[in-house]
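S.K.: Protein chains in written order, with this note's numbering: chain E, 601 to 1055; chain F, 601 to 1055.
These are calculated hints, taken from the structure and not from any lab test.
Computed from a prediction, not measured in an experiment: that's the story for all the values here.
Each residue gets a CB set at the ideal place from its N, CA and C atoms; glycine is no exception.
Treat the hints with caution; some may be incorrect.
[Claimed, not checked] Under the rule of at most 30 Å between Cα atoms (straight-line distance), these lysine-lysine pairs were calculated in the BS3-like manner:
1. F:K988 <-> F:K1049
2. E:K872 <-> F:K958
3. E:K958 <-> F:K872
4. F:K809 <-> E:K872
5. E:K1039 <-> F:K809
6. E:K809 <-> F:K951
7. E:K958 <-> F:K809
8. F:K612 <-> F:K988
9. F:K768 <-> F:K872
10. F:K672 <-> F:K768
11. F:K863 <-> E:K872
12. F:K1039 <-> F:K612
13. E:K951 <-> E:K939
14. F:K958 <-> F:K809
15. F:K958 <-> E:K809
16. E:K939 <-> E:K768
17. E:K677 <-> E:K958
18. F:K1039 <-> F:K672
19. F:K672 <-> E:K809
20. E:K936 <-> E:K872
21. F:K768 <-> F:K648
22. F:K768 <-> F:K1012
23. E:K863 <-> F:K809
24. F:K863 <-> E:K951
25. F:K1012 <-> E:K809
26. F:K1049 <-> E:K863
27. E:K951 <-> F:K951
28. F:K648 <-> F:K1012
29. F:K648 <-> F:K677
[What the hints assert, rightly or not] Pair ranges (Cβ atoms, derived):
30. F:N862 <-> E:D879: 48 to 54 Å
31. E:N931 <-> F:E708: 55 to 61 Å
32. E:N931 <-> F:E837: 35 to 41 Å
33. F:A947 <-> E:R954: 48 to 54 Å
34. E:G710 <-> F:A947: 42 to 48 Å
35. F:E696 <-> E:E609: 56 to 62 Å
36. F:G761 <-> E:L1034: 56 to 62 Å
37. F:L1034 <-> E:T956: 44 to 50 Å
38. E:A864 <-> F:E837: 40 to 46 Å
39. E:R954 <-> F:M785: 30 to 36 Å
40. E:E708 <-> F:G761: 47 to 53 Å
Residue-level listing of the chains:
2 protein chains.
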Amino acid sequence: MDQVKHYVEANKDRFVSELFDLLRIPSISAQSEHRPDMQRCAEFLAAKLVEAGADRAEVMPTEGNPVVYAEKIIDPKARTVLVYGHYDVMPVDPREEWRTDPFEPVVEQGRIRARGADDDKGQLWMHAKAFEAMCATDSLPCNVKFMLEGEEEIGSPSLYGFCREHRKMLEADVILVSDTSMISMDTPSITCGLRGLAYMEVEVTGPNKDLHSGLFGGAVANPANVLARLVAELVDERGHVTVPGFYDDVRVLTPVERRAFNKAPFSLAAYKRALDIRDVAGEEGFTTIERTGIRPSLDVNGIWGGYTGEGTKTVIPSKASAKISMRLVPNQDYRKISKLFERHFRAIAPKSVRVTVKALHGGMPYVTPTDMPAYRAAERAIADVFGKRPLPFYSGGSIPIISGFESILGIKSLLIGFGLAEDAIHSPNESYGLDQFYKGLETIPLFYKYFAAGK
Amino acid sequence: MDQVKHYVEANKDRFVSELFDLLRIPSISAQSEHRPDMQRCAEFLAAKLVEAGADRAEVMPTEGNPVVYAEKIIDPKARTVLVYGHYDVMPVDPREEWRTDPFEPVVEQGRIRARGADDDKGQLWMHAKAFEAMCATDSLPCNVKFMLEGEEEIGSPSLYGFCREHRKMLEADVILVSDTSMISMDTPSITCGLRGLAYMEVEVTGPNKDLHSGLFGGAVANPANVLARLVAELVDERGHVTVPGFYDDVRVLTPVERRAFNKAPFSLAAYKRALDIRDVAGEEGFTTIERTGIRPSLDVNGIWGGYTGEGTKTVIPSKASAKISMRLVPNQDYRKISKLFERHFRAIAPKSVRVTVKALHGGMPYVTPTDMPAYRAAERAIADVFGKRPLPFYSGGSIPIISGFESILGIKSLLIGFGLAEDAIHSPNESYGLDQFYKGLETIPLFYKYFAAGK
Chain E
601 MDQVKHYVEA NKDRFVSELF DLLRIPSISA QSEHRPDMQR CAEFLAAKLV
651 EAGADRAEVM PTEGNPVVYA EKIIDPKART VLVYGHYDVM PVDPREEWRT
701 DPFEPVVEQG RIRARGADDD KGQLWMHAKA FEAMCATDSL PCNVKFMLEG
751 EEEIGSPSLY GFCREHRKML EADVILVSDT SMISMDTPSI TCGLRGLAYM
801 EVEVTGPNKD LHSGLFGGAV ANPANVLARL VAELVDERGH VTVPGFYDDV
851 RVLTPVERRA FNKAPFSLAA YKRALDIRDV AGEEGFTTIE RTGIRPSLDV
901 NGIWGGYTGE GTKTVIPSKA SAKISMRLVP NQDYRKISKL FERHFRAIAP
951 KSVRVTVKAL HGGMPYVTPT DMPAYRAAER AIADVFGKRP LPFYSGGSIP
1001 IISGFESILG IKSLLIGFGL AEDAIHSPNE SYGLDQFYKG LETIPLFYKY
1051 FAAGK
Chain F
601 MDQVKHYVEA NKDRFVSELF DLLRIPSISA QSEHRPDMQR CAEFLAAKLV
651 EAGADRAEVM PTEGNPVVYA EKIIDPKART VLVYGHYDVM PVDPREEWRT
701 DPFEPVVEQG RIRARGADDD KGQLWMHAKA FEAMCATDSL PCNVKFMLEG
751 EEEIGSPSLY GFCREHRKML EADVILVSDT SMISMDTPSI TCGLRGLAYM
801 EVEVTGPNKD LHSGLFGGAV ANPANVLARL VAELVDERGH VTVPGFYDDV
851 RVLTPVERRA FNKAPFSLAA YKRALDIRDV AGEEGFTTIE RTGIRPSLDV
901 NGIWGGYTGE GTKTVIPSKA SAKISMRLVP NQDYRKISKL FERHFRAIAP
951 KSVRVTVKAL HGGMPYVTPT DMPAYRAAER AIADVFGKRP LPFYSGGSIP
1001 IISGFESILG IKSLLIGFGL AEDAIHSPNE SYGLDQFYKG LETIPLFYKY
1051 FAAGK
């Protein structure tokens, strides 16, 4: 292990400078004009994985963006780790809130700032470079496979089919994923719960054209007012989602489980201060960490309609729209929830407008068993590096494909992420601490060692 | 009068082609990049009014866009008509819904299509050309003054001061305005009521940056959800505006007045068909024409927040905003209503967000007395041309400056507009019928004749 540490120490500046090259590629999967960047990014990663020591690496086409697959087989009888990550990133708007160009990474106060610095380029790069260090020092104790996709931020539409087609190639004992966060550097944690997601888009149409709000105001249903009312009705004053049947399949924790869950260190004052809010809000009867960890939620992700430019325009818009997503918990099924949402939204719309409801993407919630060998190996590796046994943590986020891995490939996933809340993923000025990057690099080879030894 | 008619007949194609030159100037007052177009448009009009026969015409600077002033004094003892119009137009978005370029006028099926074709370039042009015809045939029976502003669509912020500064120059017996519509070509009408306007912009701010909707969803107030709820609360299920005190000053019509008001021809089926809506909506207990004519209303003119682009982004927006305007009726005061709105909006906002409320512009409601000489002259002129006595009509629209004219200049306004609902002012594909333009041209000189004779 000392050899690996020395190799990392001797090469760490190069690792960061290579990561900068990766971050410079604006691989935004949600925006079709970035299609060529996706290909470029995949080719960059495949080339780097071969340099790092892979026996082979390929950019494999899908109906969407390509998947980078690479592997190094040291011994067919050894344990196999399948590393999953994603090279696509979120859109950058509102761009004007970025202090520097989102695709020209900088280091400021020990943190790398760029879109994807954490999510997920920074995190997958730790795996690529830990792999390089183990290969270079001849200390790789497991077979390793890499599967890096370019569509995670849009719901991994092609990866399900990819997994079905390549079941054999992807055989492994565990899927290793760094695409999550820890509670803090002082309180390391392993994510063992992820919420599911049902992401919808709704459109309310009133008159067949924009109307003069003076001539028609008061006599015609205004789609923007109607949309506001419909959105408002989706959550009641106690923070409950009002879609009938929404809570039917929610797994309710026992009082003992809830007490254990609430033992995770959490400061409400620090939370409010960090977000600059006077008060939190959410479902009555649950704590803040329960509200994101074990309870489902409903949020408007975008809303638009009418005149939104400078000055005034006295118009009744013909249409108004919203993107609305629901985070789901075990055992909610996003397909059922999407249907319930659609039926409810149509039911509450008045006769004076027409509505369309589309399900844009979705994914199932996921739970990692804390007694599987990979979990225990990760627990030891993190304890070695951070000096503390990591807590099991339920994240509010979703990685829809993780539950897909289990159902298609029959392989459990281990989520050892080194992100922090302050990384501001999906937000302007996303960043990743160099210390997070280096601690991750140090932890990963130890995980391999303990996981291989546990066989 | 025959001479005037012949002159118009001989020159009508040129009148339309000159109007096209005026319509080609994209004089959008709400968008500051069009500032140079405002100046250009004003200079065009001043030059044309001199050509038409004005003794003098000037482009008079204000703090905002210039005012075009022109006059022809035939006899200090004759009656004086002050023609008011505006050369600014509304923004054109959604631009993709225009069948042709909004600033490249075309005639299709007897209608001129362009932004401003009706509102108000087409309508003011009838006055300019009627004036030219009367001057050219030496039959102008009154003194005429023109005051054409470039800020009507943004609430005439500079014209109030302009009127205060130039009271003497603007002295007149009546202000003549064509910036309104008739019920139909078969049912001519004179607008004798205009609603007032209070136009607000609200912003709801939650966390200090956009947040990941998975990590924070359910635990933090989402400004877009909160905005939707606040907007929804502004109007109750019976169509009443919930702002306390909102209805305090509303003049309530007597049953006799309401019966007279509802005698105007109106087909609900045709109204719904024209707008392609299955049902109308509005304040309980009032008819559709009452809802826009004699009752106040509240509409969202624009709403925006979060991710509104292609695909999905799982974000809790830091801010969400709306433009909300209220149409007012006698004797509501827009300043009082703006204050009541602001107080109420702040009061209903939860502690988990911050709100800002700005009053963008406003104006008072206005009523024209139907027994004044100018009204009676207009009634006769319209009856001559349309073959029917015009009905007094209460429009839902607002021309805030009209009540300003009365309070500053002490002059009543006469609103003889030749627009129709199908002109779709403020909407894509705004148009103005050539028959409307020509009938207006024919009516105006008759009005001058009867008004002068009535002295």
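S.K.: Compare the structure with each hint and give your call.
M.R.: Each hint tested on the structure:
For the hint pairing F:K988 with F:K1049, the CA-to-CA distance comes to about 19 Å; that is within 30 Å, so the pair holds. Of the supplied pair hints, the one linking E:K872 and F:K958 holds, its CA atoms being roughly 27 Å apart against a limit of 30 Å. With a CA separation close to 27 Å, the supplied pair E:K958 and F:K872 stays within the 30 Å bound. Proximity of F:K809 to E:K872 is assessed by CA-CA distance (about 13 Å); at most 30 Å being required, the pair is judged to hold.
As the CA atoms of E:K1039 and F:K809 are separated by approximately 27 Å, the hinted pair is consistent with the 30 Å bound. A C-alpha spacing of about 37 Å is found between E:K809 and F:K951, which places the hinted pair above 30 Å, so the restraint is violated. Proposed proximity of E:K958 and F:K809 is supported: the alpha carbons are some 28 Å apart, at most 30 Å. Of the pairs offered as hints, the one joining F:K612 and F:K988 holds, with about 24 Å between alpha carbons and a cut-off of 30 Å not exceeded.
At roughly 48 Å between alpha-carbon atoms, F:K768 and F:K872 are farther apart than 30 Å, so this suggested pair is violated. Taken as a hint, the F:K672 and F:K768 pair is honoured in the structure, with Cα atoms around 15 Å apart against an allowance of 30 Å. Distance restraint check for F:K863 and E:K872: the Cα-Cα separation of roughly 60 Å exceeds the 30 Å cut-off, and the hinted pair is therefore not satisfied. For the hint pairing F:K1039 with F:K612, the CA-to-CA distance comes to about 12 Å; that is within 30 Å, so the pair holds.
Between E:K951 and E:K939 the CA atoms are separated by roughly 21 Å; this keeps the pair inside 30 Å, and the hint holds. Taken as a hint, the F:K958 and F:K809 pair is honoured in the structure, with Cα atoms around 22 Å apart against an allowance of 30 Å. Between F:K958 and E:K809, the direct Cα distance comes to roughly 28 Å. Compliance with the 30 Å bound is thereby established for this hinted pair. The straight-line distance between the Cα atoms of E:K939 and E:K768 is roughly 34 Å, outside the 30 Å bound, and the hint therefore fails.
Distance restraint check for E:K677 and E:K958: the Cα-Cα separation of roughly 47 Å exceeds the 30 Å cut-off, and the hinted pair is therefore not satisfied. For the hint pairing F:K1039 with F:K672, the CA-to-CA distance comes to about 24 Å; that is within 30 Å, so the pair holds. Restraint check for F:K672 and E:K809: not satisfied, since their Cα atoms lie roughly 42 Å apart, outside the 30 Å limit. Restraint check for E:K936 and E:K872: not satisfied, since their Cα atoms lie roughly 34 Å apart, outside the 30 Å limit.
Taking the CA atoms of F:K768 and F:K648, the gap is near 24 Å; set against the 30 Å cutoff, the hint holds. With a C-alpha separation of about 16 Å, the suggested pair F:K768 and F:K1012 falls inside the 30 Å cut-off, and the hint holds. For the hint pairing E:K863 with F:K809, the CA-to-CA distance comes to about 28 Å; that is within 30 Å, so the pair holds. With a C-alpha separation of about 28 Å, the suggested pairing of F:K863 with E:K951 holds against the 30 Å cut-off.
Of the pairs offered as hints, the one joining F:K1012 and E:K809 is violated, with about 34 Å between alpha carbons and a cut-off of 30 Å exceeded. Using a Cα cut-off of 30 Å, the hinted pair F:K1049 and E:K863 is violated, with the two alpha carbons roughly 89 Å apart. Under the criterion of a C-alpha separation no larger than 30 Å, the hint pairing E:K951 with F:K951 is inconsistent with the structure, at around 34 Å. Between F:K648 and F:K1012 the alpha-carbon distance is near 27 Å, which keeps this suggested pair within the 30 Å criterion.
Restraint check: the Cα-Cα separation between F:K648 and F:K677 comes to about 27 Å, which is no more than 30 Å; the hinted pair holds. Taking 48 to 54 Å as the suggested C-beta distance range, the pair F:N862 and E:D879 conforms, at roughly 50 Å. Between E:N931 and F:E708, the C-beta spacing of about 60 Å keeps the proposed range 55 to 61 Å intact. At roughly 36 Å, the beta-carbon separation of E:N931 and F:E837 lies within the given 35 to 41 Å, and the hint holds.
Distance hint check for F:A947 and E:R954: the Cβ-Cβ separation is about 34 Å, which falls outside the suggested range of 48 to 54 Å. The hint said 42 to 48 Å for the Cβ distance between E:G710 and F:A947, and at roughly 45 Å that hint holds. Range check, F:E696 to E:E609: Cβ separation about 57 Å, and the 56 to 62 Å hint holds. Checked against the hint of 56 to 62 Å, the pair F:G761 and E:L1034 passes, with Cβ atoms roughly 59 Å apart.
In this structure, F:L1034 and E:T956 break the distance hint of 44 to 50 Å, their C-beta atoms being roughly 38 Å apart. Separation of E:A864 from F:E837 is about 43 Å and conforms to the stated range, judged on CB atoms against 40 to 46 Å. Distance hint for E:R954 and F:M785: a CB-CB separation of about 31 Å, consistent with the stated range 30 to 36 Å. Hint check: E:E708 to F:G761, Cβ distance near 49 Å, so the stated range 47 to 53 Å holds.
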